[in-house]
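The hints should help you fit chain B onto chain A, whose structure is shown.
Those protein sequence lines, which keep their order, are chains A and B.
Using the working numbering, the first residue of the first sequence is number 1, and each one after it goes up by one.
Using the working numbering, the first residue of the second sequence is number 1, and each one after it goes up by one.
Some clues are possibly wrong.
One copy or any two copies: either way a pair holds, since identical chains are not told apart in the list.
Unchecked claim - Using 27 Å as the maximum straight-line C-alpha spacing, the simulated BS3-like pairs for lysine-lysine come out as follows:
id : residue 1 : residue 2
1  : LYS237    : LYS97
2  : LYS293    : LYS237
3  : LYS109    : LYS154
4  : LYS118    : LYS152
5  : LYS30     : LYS97
6  : LYS128    : LYS154
7  : LYS59     : LYS293
8  : LYS143    : LYS201
9  : LYS30     : LYS293
10 : LYS128    : LYS143
11 : LYS293    : LYS97
12 : LYS143    : LYS109
13 : LYS22     : LYS118
14 : LYS198    : LYS237
15 : LYS59     : LYS97
I should point out that these hints are in silico values taken from the structure, not numbers from a laboratory.
Note that the coordinates shown come from a computational prediction; the quantities given were computed from them, not determined experimentally.
2 protein chains.
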Amino acid sequence: MHQIIQCVPNFSEGRDLEKIDKIVAPFRGKAGVKLLDYSNDEDHNRVVVTVVGEREALKAAVVEAVGIASQLIDMTKHEGQHPRMGATDVIPFIPIKNATMEECVALSKEVASLIYDKFAVPSFLYEKSASASTRENLANVRKGQFEGMAEKIKAPEWTPDFGTTIHPTAGITAIGARMPLVAFNVNLNTNDLEIANKIAKNVRHLSGGLRYCKALGIALEERGIVQISMNMTDFTKTPLYRAFELIRIEAQRYGVSIVGSEIIGLVPMDALIATSEYYLGIEEFSYEQVLEKRIME
Amino acid sequence: MHQIIQCVPNFSEGRDLEKIDKIVAPFRGKAGVKLLDYSNDEDHNRVVVTVVGEREALKAAVVEAVGIASQLIDMTKHEGQHPRMGATDVIPFIPIKNATMEECVALSKEVASLIYDKFAVPSFLYEKSASASTRENLANVRKGQFEGMAEKIKAPEWTPDFGTTIHPTAGITAIGARMPLVAFNVNLNTNDLEIANKIAKNVRHLSGGLRYCKALGIALEERGIVQISMNMTDFTKTPLYRAFELIRIEAQRYGVSIVGSEIIGLVPMDALIATSEYYLGIEEFSYEQVLEKRIME
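Chain A with its partners taken away, still in its complex shape (with noise of 0.2 Å):
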């Protein structure tokens, strides 16, 4: 693949397989197009698909996806814990490799123009497509859910950005890009979740930390410790190791050490060339220089 769109569409069903299997069926076997996982959750029933391609052939298989999501999924039946408000419930594009955030900001409004024109599905557009700062959240355009969303859209400032009506059965979707989120999480030896909130609180960008971090503090009971749960939604300017490094700072005024770390599901491997610079000191170096890098040229 000359180019790298990644997309993670989240759909509304994740306990019936059959179904889940021809909703996924798109993005198999075709040139352009890779499915890399997909995972259903019954207690969300919800599945989550990750996929990269090239742009035309990723949309296609996209728009395909929303269209059998949009038959076989009854939102007026779904039930699960997971907050949503559509069969296809959100769409982001990521860039990868020789792509653009503002190409993948074009390619969400396609996908969103394409899924009202063939199945009438209206659509928000959220993240860096969002078409107001108010947009951009995705738990703030998601609120109200499914059941609220009738109602909520006949306020001007929620009209959709696609379409005028709730699909009744298929709901609406977000739709956006947005940079890679990294899921990274940082183990304490203290069993004090109330340390671990105040360090969350200092490292996150919502209450005064990093730009590009949200964090909470967790509870992992059964290994009697505590975790800084973090989202880093912007690796690129805000690193892994900056995190890292100002939860061990922050760790210090509670006599707290930090004893291991995690990270949940993919990774770009920027991420981590960009740690192995930070530590080991590495001046001029080149993502180039990285075998598989240039391999993939």
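Below, chain B without anything else, positioned relative to chain A:
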């Protein structure tokens, strides 16, 4: 490419660009072979080619290039600063992905057999392919160089592994399998070369240091500092961070600090992933979590 074997053949022509182009030609535009880089050095009168490929395609391309080099290069007229013994001086094969060391050893022997059958170019097997421990080290094998080889191979311990006489103009070639080398240099904030040499002695295998580390101290005269210049000969067993941290510890006794490092040439992604795992203390990380690794599968 399903399988990736790297090959870094060195040819004894670094000045005539037309000849270099002909020698490199077999690595271009072939399915299952990808030319990553080649760089010629006029002082060394040598070109170093970096290519990756699948076993059969790579074998055919390498053999073809050896044939062309043996026609174009006349070692009786060769001058250059770098030690050399053949038109094709050395051919290392390196397992990168879905290839074992054993497979690379077998491949090296097949190539050795073919180039003798086709072009009457004899060879020594070296590194992991060596038929005796005295032949593992390339410097030992090449000692005497082209001019001394006809005499050297008269000794029973230096009978070539393939062939019985030196090719009159193409000399003899060293062929073998080895781990990828990482050229990793660490800079110190002193101009005292003696300190660099002491630290190099402490970290390198030869004089009691790390098993897969070669090191020497060199002066970076323009910058007024010194450097520990290392070849990491198996980064999977002696990782980069271990050498780096050991240099830091050894430097402390001289009141000296590390001020940076550099990686010369290509480095396998796994070497950098391992670095991130160490410094961030990442638990249970799978290389399958690296997006680009997943895409390459």
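We went through each hint and held it up to the structure:
| no. | hint | verdict |
| --- | --- | --- |
| 1 | LYS237 <-> LYS97 | within (17 Å within a copy, 31 Å between copies) |
| 2 | LYS293 <-> LYS237 | both (21 Å within a copy, 23 Å between copies) |
| 3 | LYS109 <-> LYS154 | within (22 Å within a copy, 75 Å between copies) |
| 4 | LYS118 <-> LYS152 | within (24 Å within a copy, 79 Å between copies) |
| 5 | LYS30 <-> LYS97 | both (19 Å within a copy, 24 Å between copies) |
| 6 | LYS128 <-> LYS154 | within (24 Å within a copy, 73 Å between copies) |
| 7 | LYS59 <-> LYS293 | both (25 Å within a copy, 23 Å between copies) |
| 8 | LYS143 <-> LYS201 | within (24 Å within a copy, 64 Å between copies) |
| 9 | LYS30 <-> LYS293 | both (23 Å within a copy, 20 Å between copies) |
| 10 | LYS128 <-> LYS143 | within (19 Å within a copy, 62 Å between copies) |
| 11 | LYS293 <-> LYS97 | both (10 Å within a copy, 14 Å between copies) |
| 12 | LYS143 <-> LYS109 | within (22 Å within a copy, 66 Å between copies) |
| 13 | LYS22 <-> LYS118 | within (18 Å within a copy, 55 Å between copies) |
| 14 | LYS198 <-> LYS237 | within (23 Å within a copy, 39 Å between copies) |
| 15 | LYS59 <-> LYS97 | within (16 Å within a copy, 31 Å between copies) |
When held up to the earlier numbered hints, the structure conflicts with none and fits them all.
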